[in-house]
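Asks: What follows is the residue order along each chain.
Number of protein chains: 2
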Amino acid sequence: MAPPPDDENMLKILLATDIHLGYMEKDPIRGNDSLVSFEEILEIAKKKDVDFVLLGGDLYHDNKPSRKTLHGSIALLRRYCMGDRPIQFEFLSDQSINFDHCQFPTLNYEDQNFNVNMPVFSIHGNHDDPTGQGNLCSLDLLHSAGLVNYFGKTTSLEKIQLSPLLLQKGNTKLALYGLGSVRDERLHRMFVHKNCAMLRPKENKDDWFNLFVIHQNRSKHTATNYIPEQFLDDFLDLVFWGHEHECRIDPEWNGNQNFYVTQPGSSIATSLSEGESKEKHVGLLMIRGKDFKLTKIPLETVRQFYIEDVVLSDTTLDPNDHDVGQKVESYCQQKVENLLLKAEAEHTGNAKQPDKPLIRLRIDYSGGFEPFSVYRFGQKFVDKIANPKDIVLFQRKKVHSIKKDDGDELELLAKIKPQSLDSARVEDMVRDYFTKVESGSKLQVLTEKGMGDAIKEYVDKEEREAISELVKYQVGKTQKYLKQRNADEEVIDVEICRFRDERKGKKQEEEEIQEAMKLAQAKRSSQDDKDENDNDASVIDSEDSDSSSTASRGRGRGRGRGSRARGSTSSQTSTRGSRGGRGKKTPVVENNTITNSFSKFKRSPRGASNKS
Amino acid sequence: MAPPPDDENMLKILLATDIHLGYMEKDPIRGNDSLVSFEEILEIAKKKDVDFVLLGGDLYHDNKPSRKTLHGSIALLRRYCMGDRPIQFEFLSDQSINFDHCQFPTLNYEDQNFNVNMPVFSIHGNHDDPTGQGNLCSLDLLHSAGLVNYFGKTTSLEKIQLSPLLLQKGNTKLALYGLGSVRDERLHRMFVHKNCAMLRPKENKDDWFNLFVIHQNRSKHTATNYIPEQFLDDFLDLVFWGHEHECRIDPEWNGNQNFYVTQPGSSIATSLSEGESKEKHVGLLMIRGKDFKLTKIPLETVRQFYIEDVVLSDTTLDPNDHDVGQKVESYCQQKVENLLLKAEAEHTGNAKQPDKPLIRLRIDYSGGFEPFSVYRFGQKFVDKIANPKDIVLFQRKKVHSIKKDDGDELELLAKIKPQSLDSARVEDMVRDYFTKVESGSKLQVLTEKGMGDAIKEYVDKEEREAISELVKYQVGKTQKYLKQRNADEEVIDVEICRFRDERKGKKQEEEEIQEAMKLAQAKRSSQDDKDENDNDASVIDSEDSDSSSTASRGRGRGRGRGSRARGSTSSQTSTRGSRGGRGKKTPVVENNTITNSFSKFKRSPRGASNKS
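Line by line, the protein sequences give chains B and L.
Take the working numbering: the last position of the first sequence gets the number 636, and nothing is skipped along the way.
Take the working numbering: the last position of the second sequence gets the number 636, and nothing is skipped along the way.
Among the hints, a few may not be true.
Note that the list lumps identical chains together, so a pair holds whenever it fits in one copy or between two copies.
Think about it this way: if two alpha-carbon atoms lie no more than 30 Å apart in a straight line, the pair counts; the simulated DSSO-like pairs of lysine-lysine are [claimed, not checked]:
no.: 1; residue 1: Lys50; residue 2: Lys504
no.: 2; residue 1: Lys531; residue 2: Lys50
no.: 3; residue 1: Lys496; residue 2: Lys547
no.: 4; residue 1: Lys317; residue 2: Lys531
no.: 5; residue 1: Lys226; residue 2: Lys183
no.: 6; residue 1: Lys501; residue 2: Lys50
It should be emphasised that the hints constitute simulated quantities derived from the structure, not laboratory data.
Please read all numbers here as calculations on a predicted model, not as lab measurements.
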């Protein structure tokens with residue numbers, strides 16, 4: 025049921041996520057895309073007169089943003105979020121608990137020294153997570169400068185207890201939970217071991233609209249590196265899922281958990297994959313009592329991106345033709361020309377939307393065809409598209425057969441991205457490959473998980489040194505072990521095997537991997553710095569998380585576009601409220617012992633009797 | 025003549041410079057020193073109730089400060105500079121001109137969205153100068169975040185025109201000129217070619233107190249890589265000289281130029297040299313009409329630093345003694361123990377002053393003595409001093425003889441810093457060495473200036489890659505030239521020589537050097553990033569600019585400590601004002617054509633009739 029028009033009881037929140045400021049900033053064509061869209065998002069928020077902006081992580085693409093990107097974001101936040109409009113909602117929870125990780129554990133708009141008229145609340149993502157001395161992230165800089173309110177930072181690695189931000193506007197009461205990105209495996213384990221608790225207000229807890237913002241892998245999967253929706257507590261009303269770049273912003277109903285999930289998706293394509301080619305949106309979330317409506321707003325400044333599959337064997341082209349090479353190229357050229365026409369026709373007309381689109385042709389050349397020069401092909405469109413260097417991706421059908429082939433194929437895998445990678449997680453594929461294969465590809469020194477995670481880092485986060493660092497680290501560890509054991513040459517294989525098995529699946533293995541990834545990150549960022557000072561923009565395409573998972577598509581959806589299926593009557597609400605028994609399935613506990621955090625709320629329970 | 029006590033006509037300004045935030049931040053002992061002293065400086069400013077804080081550059085030690093340092097400084101500025109006290113002075117000049125290089129060309133305390141009660145004005149130094157995309161520096165981040173007012177950034181490389189910030193409190197009128205660090209050679213040339221202009225208010229220009237803050241080499245020298253005081257315009261009343269780390273804060277009278285110079289010095293020792301061992305101060309500058317008084321305030325939290333020279337041949341120690349090694353070590357140990365006792369006695373008592381002092385023994389071991397292990401010696405004091413690793417510096421007398429020795433000595437030079445280096449500029453020494461020597465050390469491909477500058481970068485700014493990058497760059501250039509000329513093997517030496525002579529002393533040579541230094545900087549900062557992520561704190565001692573120049577000591581001083589020798593009567597003032605003929609000597613011109621910048625001032629010439 026759609027809420028009535030804007031009134032004093034309606035909280036309006038702009039939802040946006042994965043803005044990836046600084047993505048490809050060194051690219052002369054695409055370098056400014058992320059900042060342009062961030063500005064559009066803030067403009068929309070301003071125009072829609074929202075109470076606040078809620079960001080789902082990865083505001084920055086790089087853990088250490090360049091000065092240019094940092095400066096650009098500071099300038100935009102100052103420009104759009106400061107001014108003379110009064111804040112229309114009240115903050116009821118204890119700020120010193122909600123922001124206890126910050127040096128200034130206060131809301132920026134309640135600080136007399138800052139005149140904030142549109143607060144931004146944000147969790148961190150996996151790209152801009154806290155690292156290094158002081159365990160700070162870029163959002164800490166913005167928070168301390170009074171430009172955002174950074175919440176959801178967890179300090180313990182063992183146990184998470186989320187104290188919601190409690191907000192009230194008229195009689196609408198919002199409990200806002202946030203959890204900044206945690207390594208999926210670790211968070212998964214914490215959930216399994218019931219070490220994740222979401223605290224709830226002691227009194228009148230069923231009056232609250234419960235919103236949770238999270239930045240993790242979402243798509244259903246066999247491994248433990250994602251967070252299944254059923255892990256989340258069923259008292260939640262809406263989950264705002266960050267990290268996944270595909271726009272699935274229309275709320276999807278989870279019938280098991282009785283909550284909706286909205287996945288706004290990124291505001292910039294950081295990979296040339298199917299999911300990223302969908303139109304980009306932000307959401308205008310309107311909450312009134314226990315009802316909500318989410319209106320999706322298309323972004324007009326995002327660079328257009330078209331992806332098309334070409335299967336050469338399905339065309340009339342003959343691989344045995346004497347000038348087949350030229351014909352294939354002409355055929356593909358025509359495809360690109362058509363996409364260019366489409367882009368021109370579909371341009372939003374917004375002056376800030378770039379003219380040159382991103383285009384990707386995935387060409388299946390199986391059936392006797394030969395790949396042509398991607399570079400030469402791209403040169404034809406150098407003035408018309410934004411990514412001439414990687415316009416074409418060659419691939420072959422039946423990538424599953426690779427698993428039975430020899431080890432060289434893995435290299436091939438890295439070069440030609442098969443379609444199935446869109447729906448499978450690379451780290452699992454790698455792990456499976458090394459685990460199942462009977463050939464000589466079986467790992468002896470390295471661990472499968474190590475390799476899988478390293479390749480994932482390589483693919484997802486452009487961690488160019490991830491694989492080499494993992495190899496170096498695990499080989500080094502093994503050598504050290506062998507020296508300590510002073511092992512005889514004959515038993516050296518046994519010793520290696522023993523050492524490997526001792527660590528596998530243990531905490532030790534994960535620590536190793538993390539250590540190696542840290543080293544890789546250090547190397548990468550040092551390389552980045554160098555690049556920044558170089559003039560040639562070497563463009564590397566990041567294959568970011570993209571949730572075009574076929575598995576998750578199979579799940580039931582409540583694409584009601586805001587028409588809420590439950591919770592609109594008080595009886596239903598109280599029924600839900602009493603379903604405490606579900607706590608067994610979801611390892612989230614209610615904790616009533618921490619009362620300090622809600623003392624403020626208890627003292628002023630106004631609006632409790634006004635519930636709609 | 026000391027001004028009367030605090031009143032509505034007195035501008036109070038805190039002067040501090042070269043705070044070098046982040047210096048040695050990875051050192052477990054010294055890592056926090058710079059932030060501690062910055063906080064003390066802000067505390068003093070607060071306690072003294074100053075109108076504003078004026079910083080002379082190098083607020084940050086690193087061009088790209090770590091997140092920890094950036095966050096620490098943001099937090100301190102927010103804590104100390106924001107609040108409810110009204111600003112007591114007026115700003116009369118056009119902000120959009122004074123801050124035209126900024127995205128927000130406004131004063132932070134005049135922006136309604138920031139509640140600033142103690143403005144900070146700063147120029148940049150050579151450590152935190154603008155670089156990279158957008159030509160931004162760390163002060164741009166602070167400026168856009170509303171935390172400082174960054175001025176004195178020059179955009180043209182050919183011509184500098186300084187528009188002063190015009191401030192007024194009661195009838196005191198201050199024209200504040202600032203010039204962020206520019207490469208000394210370039211600025212020197214600009215002065216020589218009369219391309220540096222200091223604009224002055226059109227009307228009543230003699231009513232203004234003219235203060236100039238500059239961040240350049242100061243000490244007198246034969247080369248062109250410093251700025252002689254006589255280059256500066258003689259209408260100035262006081263020059264605030266940054267960059268030089270030795271505290272010479274008591275105003276020194278320059279009788280030729282008729283102005284005072286104050287050199288507050290750094291608030292942290294970034295080298296273990298004589299000049300840095302002097303007590304550190306900041307200055308409380310009080311201006312009333314055309315009079316000023318500068319009170320120096322010792323910093324209580326700065327880590328103590330003692331330096332002592334030991335000449336072994338002047339002691340009773342006998343180099344032929346069978347256990348002379350042990351005796352020398354015991355002797356030196358006793359010296360250190362004495363310094364430790366001294367440090368204990370002289371501790372300021374401020375709880376934030378660290379207990380472990382810096383100690384440096386410069387041991388002259390000439391006369392047949394042998395150096396002992398610095399590492400082993402340092403280990404004895406590992407719990408008592410902050411720098412056990414470099415407590416001792418061995419050196420020999422008569423370093424001047426090096427020039428006549430063979431090339432190997434240059435290496436030695438880099439390892440053992442001779443005393444004379446305290447007063448000579450390393451780049452000139454190197455240049456002299458290569459120019460004058462008749463041996464095979466004469467350069468054939470590289471230029472002497474190139475080598476000199478590269479070694480200077482290496483020594484002054486820890487630019488570890490400076491020398492190798494310079495070599496690479498100049499060799500590469502030469503090879504390219506030879507290829508183009510397609511030179512025969514026989515004439516190759518001639519061609520090399522010709523190419524070298526063509527560039528020497530020209531703009532081209534300087535550009536080459538700058539390019540190479542940029543590359544070195546890129547490599548260094550990439551290395552730094554790596555270090556940041558490593559755990560071992562490899563401590564490198566930066567030998568920063570330190571002005572214990574014997575040459576400059578010889579100049580006349582007017583250590584009148586604020587008792588001003590001139591300008592207190594209007595007749596004298598007008599005399600000075602009419603000395604336009606001096607313009608020949610000082611290539612600074614008065615420019616009356618730019619009137620926009622002073623239109624505001626002209627419209628409100630209040631106070632003009634009140635001059636004292």
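Asks: Look at each hint and say if it fits the structure.
Replies: Checked hints:
1. Lys50 with Lys504: between (41 Å within a copy, 28 Å between copies)
2. Lys531 with Lys50: between (38 Å within a copy, 28 Å between copies)
3. Lys496 with Lys547: For Lys496 and Lys547, both the intra-copy (13 Å) and inter-copy (23 Å) Cα distances are at most 30 Å.
4. Lys317 with Lys531: Answer is neither: 43 Å inside a copy and 65 Å across each miss the 30 Å cutoff.
5. Lys226 with Lys183: Classified as within; 21 Å inside a copy, 68 Å across copies.
6. Lys501 with Lys50: between (37 Å within a copy, 26 Å between copies)
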